[in-house]
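If you read the sequence shown in the working numbering, its first letter stands for residue 1, the second for the next number, and so on.
Don't read these hints as lab results, they were simulated from the structure. All values reported here derive from a predicted model rather than from experimental measurement. Please note: incorrect hints may appear among the correct ones.
What the hints assert, rightly or not - With a straight-line cut-off of 27 Å between C-alpha atoms, the simulated DSS-like cross-links for lysine-lysine are:
1. LYS395 <-> LYS527
2. LYS616 <-> LYS593
3. LYS636 <-> LYS653
4. LYS552 <-> LYS530
5. LYS530 <-> LYS395
6. LYS530 <-> LYS400
7. LYS527 <-> LYS400
8. LYS694 <-> LYS108
9. LYS593 <-> LYS424
10. LYS552 <-> LYS400
11. LYS309 <-> LYS108
12. LYS276 <-> LYS82
13. LYS392 <-> LYS309
14. LYS527 <-> LYS552
15. LYS108 <-> LYS296
16. LYS778 <-> LYS424
17. LYS530 <-> LYS778
18. LYS395 <-> LYS552
What the hints assert, rightly or not - Using C-beta positions, here's what the derived DEER-type ranges look like:
19. HIS420 <-> ARG614: 56 to 62 Å
20. THR767 <-> THR698: 54 to 60 Å
21. ARG785 <-> ARG174: 46 to 52 Å
22. PRO536 <-> HIS569: 45 to 51 Å
Where a beta carbon is used, it is the ideal one built from N, C-alpha and C, also for glycine.
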Amino acid sequence: MDPWTVVYEGFDPEQEALKEALCTLGNGYFATRGACFHADANGVHYPGTYLAGGYNRLRTEIAGRVIENEDLVNLPNWLVLKFRMDGGNWFDLMGVDILSYRQVLDLKQGVLTRDVAYRDPEGRETEWSERRLVHMAEPHLAAIELTITPKNWSGRMDVRSALDGQVLNGGVERYQNLSSHHLEPLETDPVDEETIFLRVRTSQSRVTIAQAARARIFDGDGRLDVHRETVQESGYIAQDMVMDLSEGKGVRIEKIVSLYTSRDHAIAECGLTSRKTVAGAGGFSELLRSHALSWKHLWQRFEMRFRIKPEHEDDHTAMILHLNLFHLLQTTSMHTMDLDVGVPSRGWHGEAYRGHIFWDELFIFPMLNLQMPEITRSLLMYRYRRLSEARKAAKAEGLKGAMYPWQSGSNGREESQSVHLNPKSGRWIPDNSRLQRHVNAAIAYNIYEYHACTGDTEFLSFYGAEMMLEIARFWVSTTTYNRGLDRYEILGVMGPDEYHDGYPDAERAGLNNNAYTNIMATWVLEKALKVLDILPEDRSRELCEVIDLDQKELDEWENISRRMRVVFHDDDIISQFEGYDQLEEFDWEGYSKRYGDIQRLDRILEAENDTPNRYKVSKQADALMLFYLFSAEELKHLFERLGYSFDSEIIPKNIQYYLQRTSHGSTLSRVVHAWVLTRSDRERSWRLCREALKSDYTDVQGGTTPEGIHLGAMAGSVNIIQEGYTGIEWRDDVLRFNPCLPEELDHLTMDIRYRGHSLGVHITQETLTVNNRRCAEKPIAVGYRDDVRELKAGKSQTFHL
Numbered sequence: 001m002d003p004w005t006v007v008y009e010g011f012d013p014e015q016e017a018l019k020e021a022l023c024t025l026g027n028g029y030f031a032t033r034g035a036c037f038h039a040d041a042n043g044v045h046y047p048g049t050y051l052a053g054g055y056n057r058l059r060t061e062i063a064g065r066v067i068e069n070e071d072l073v074n075l076p077n078w079l080v081l082k083f084r085m086d087g088g089n090w091f092d093l094m095g096v097d098i099l100s101y102r103q104v105l106d107l108k109q110g111v112l113t114r115d116v117a118y119r120d121p122e123g124r125e126t127e128w129s130e131r132r133l134v135h136m137a138e139p140h141l142a143a144i145e146l147t148i149t150p151k152n153w154s155g156r157m158d159v160r161s162a163l164d165g166q167v168l169n170g171g172v173e174r175y176q177n178l179s180s181h182h183l184e185p186l187e188t189d190p191v192d193e194e195t196i197f198l199r200v201r202t203s204q205s206r207v208t209i210a211q212a213a214r215a216r217i218f219d220g221d222g223r224l225d226v227h228r229e230t231v232q233e234s235g236y237i238a239q240d241m242v243m244d245l246s247e248g249k250g251v252r253i254e255k256i257v258s259l260y261t262s263r264d265h266a267i268a269e270c271g272l273t274s275r276k277t278v279a280g281a282g283g284f285s286e287l288l289r290s291h292a293l294s295w296k297h298l299w300q301r302f303e304m305r306f307r308i309k310p311e312h313e314d315d316h317t318a319m320i321l322h323l324n325l326f327h328l329l330q331t332t333s334m335h336t337m338d339l340d341v342g343v344p345s346r347g348w349h350g351e352a353y354r355g356h357i358f359w360d361e362l363f364i365f366p367m368l369n370l371q372m373p374e375i376t377r378s379l380l381m382y383r384y385r386r387l388s389e390a391r392k393a394a395k396a397e398g399l400k401g402a403m404y405p406w407q408s409g410s411n412g413r414e415e416s417q418s419v420h421l422n423p424k425s426g427r428w429i430p431d432n433s434r435l436q437r438h439v440n441a442a443i444a445y446n447i448y449e450y451h452a453c454t455g456d457t458e459f460l461s462f463y464g465a466e467m468m469l470e471i472a473r474f475w476v477s478t479t480t481y482n483r484g485l486d487r488y489e490i491l492g493v494m495g496p497d498e499y500h501d502g503y504p505d506a507e508r509a510g511l512n513n514n515a516y517t518n519i520m521a522t523w524v525l526e527k528a529l530k531v532l533d534i535l536p537e538d539r540s541r542e543l544c545e546v547i548d549l550d551q552k553e554l555d556e557w558e559n560i561s562r563r564m565r566v567v568f569h570d571d572d573i574i575s576q577f578e579g580y581d582q583l584e585e586f587d588w589e590g591y592s593k594r595y596g597d598i599q600r601l602d603r604i605l606e607a608e609n610d611t612p613n614r615y616k617v618s619k620q621a622d623a624l625m626l627f628y629l630f631s632a633e634e635l636k637h638l639f640e641r642l643g644y645s646f647d648s649e650i651i652p653k654n655i656q657y658y659l660q661r662t663s664h665g666s667t668l669s670r671v672v673h674a675w676v677l678t679r680s681d682r683e684r685s686w687r688l689c690r691e692a693l694k695s696d697y698t699d700v701q702g703g704t705t706p707e708g709i710h711l712g713a714m715a716g717s718v719n720i721i722q723e724g725y726t727g728i729e730w731r732d733d734v735l736r737f738n739p740c741l742p743e744e745l746d747h748l749t750m751d752i753r754y755r756g757h758s759l760g761v762h763i764t765q766e767t768l769t770v771n772n773r774r775c776a777e778k779p780i781a782v783g784y785r786d787d788v789r790e791l792k793a794g795k796s797q798t799f800h801l
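Given these sequences and hints, build the entire structure.
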């Protein structure tokens, strides 16, 4: 199998939604699902187009309650290219006899193609071939090339090129009863004989979206002059073109589209700019050349090259790795740097989770830090611009500092709902997920790791440090002092697990002393204090004055960072939360026999009028997240700082304990478990890594990927190979490696960036070589375990493993 192509043979209506999500094309500015150009939204197809950060709020009355949701808006469908023969019905794959069907996603060039041959009810046989791109160099452009060839007939063909602004948000079944009409029509205009124009506006956020589409038709002799008529409705405009076809002679249709919004920079007006851009755009072949060149340059930075040993079976791991990287780069590209957007957990690929930003950046940023850290910086600015909203949220809860939301959208307010629908039972149940305060810790961790990798003290001075200090202040205000234990506690939160949102039969939601939350709060306090020492003295003093931070408060941080409570049970097992050991063991075998797939135990148990709160079950890694984020040395330091002993044997004991009690109800789960097993069980780690890589490709959750890919799992699974199996970490101004390649991998080669240096890394089972390409930066320190060496520009170092 070509590791650079995703190939689908045959048309399967039941799999179409999954293929549309996985064949989404985007450029960091907007993305369009891989629906066929002729398709309307129905039970088979869903042609969605989404603007990065393009949100709108609507209200819905349900059972006497008004619910407000902010959604990623489905924009006007620019794909529309319909055709019909001799005035008959418009072509529909479901209405013809398909002779052959092949769909290919070219990952190297970012091009989607379809080749179809069919016989219609009149016996006419026709072939058509489509190529499509969303331009990676020119973020406002997209294009379709469609070639249609009659094989055994001649006659008239009508082609309709349209811009459809009558679309709704309807891509997630469980949202069907909620308000979904986000777009208001403003203008339709037949600009000239080749071009149509549409302008709409979101109803609440008032973002104007302008699209212009140019259609040209060619035969073997050049451009065809065909009869054209305009069709206009409210929010919809089309151009119908009529032509005569001869048996065996094809025609080629090019549709070039531009998309601008009122949020764009350096434009006088989005409608005017959209028209000018499409008028000046080249043809499909010209656009393809510059588009493919941009992808070539991206892959030079991000590609990882490895070889699986011949004696080990390969299930297309390289292709799936490229697919996951492809979607990461379509969601967060160089165009993201100019936008005020975060990292949506489901990409810009669908409407699941309403396009909101959670904590998945914790799994995504490591990939970007080592390849294109400028993207990380811009995405962290999304958080900084919403710092004031986070301060307001903390104050509203009677807390200090900044409290970032579990779900964030346009302005950084909490977008989590108070109730959610269990599709298994059909009941609306309380949603306490907003109690996951650990999103604050994730943001602080991302800031600190970005600085450690890049040395970008300017960002830390003017943006990052202020966020970290206000997050540290928040953690302190959440603590309660337990005089009897002489320990500080954090009460009433949810951990990453998400199955447990309270104690069995308790009236109030929340758990006490979640280990991950408490340890992360301790880490944040320690690093916030360190950040003040990293900053230039004058900037540190200014910042403390701006946020009114004095020495008394800093002393309190120091004290709490050494007295936080961590609960243990069965000697060395870190209790996921206080009271975890009192819960019942779960009948894993019995439920597996009854239900088969038990990834979403929360839904199964709720449908049985039961709750996961009663059992030792986890949706995904919780306490084990500590072993994902920190090395054994770092954890030893953290625990000993708190006055707890920490033996290295505690790690495998905890891993085995919680592995046996996890249902993998989140695609992030296998990412963490594969990572924490890299040293102790490489065979199992590699198996879990491959499962994590395939999470979306195989739609492991059985129907969620069609609603949008899982970007955290995609990036996180690739990062297991980039960082987990190479042992990369940056501590104490040293870029450290500690490779542990799975037996199945013969070698691994990749390029990374570290503090302004471009490095080539080559790892085999026996050696590690780091090559520093020519640059003007000062030498850096690289190390394998305790062997630390200076690496100058233009030189290399080889370590024997």
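Structure versus earlier hints - violations, ascending order: Of the numbered hints, 13, 16, 19, 20 do not hold.
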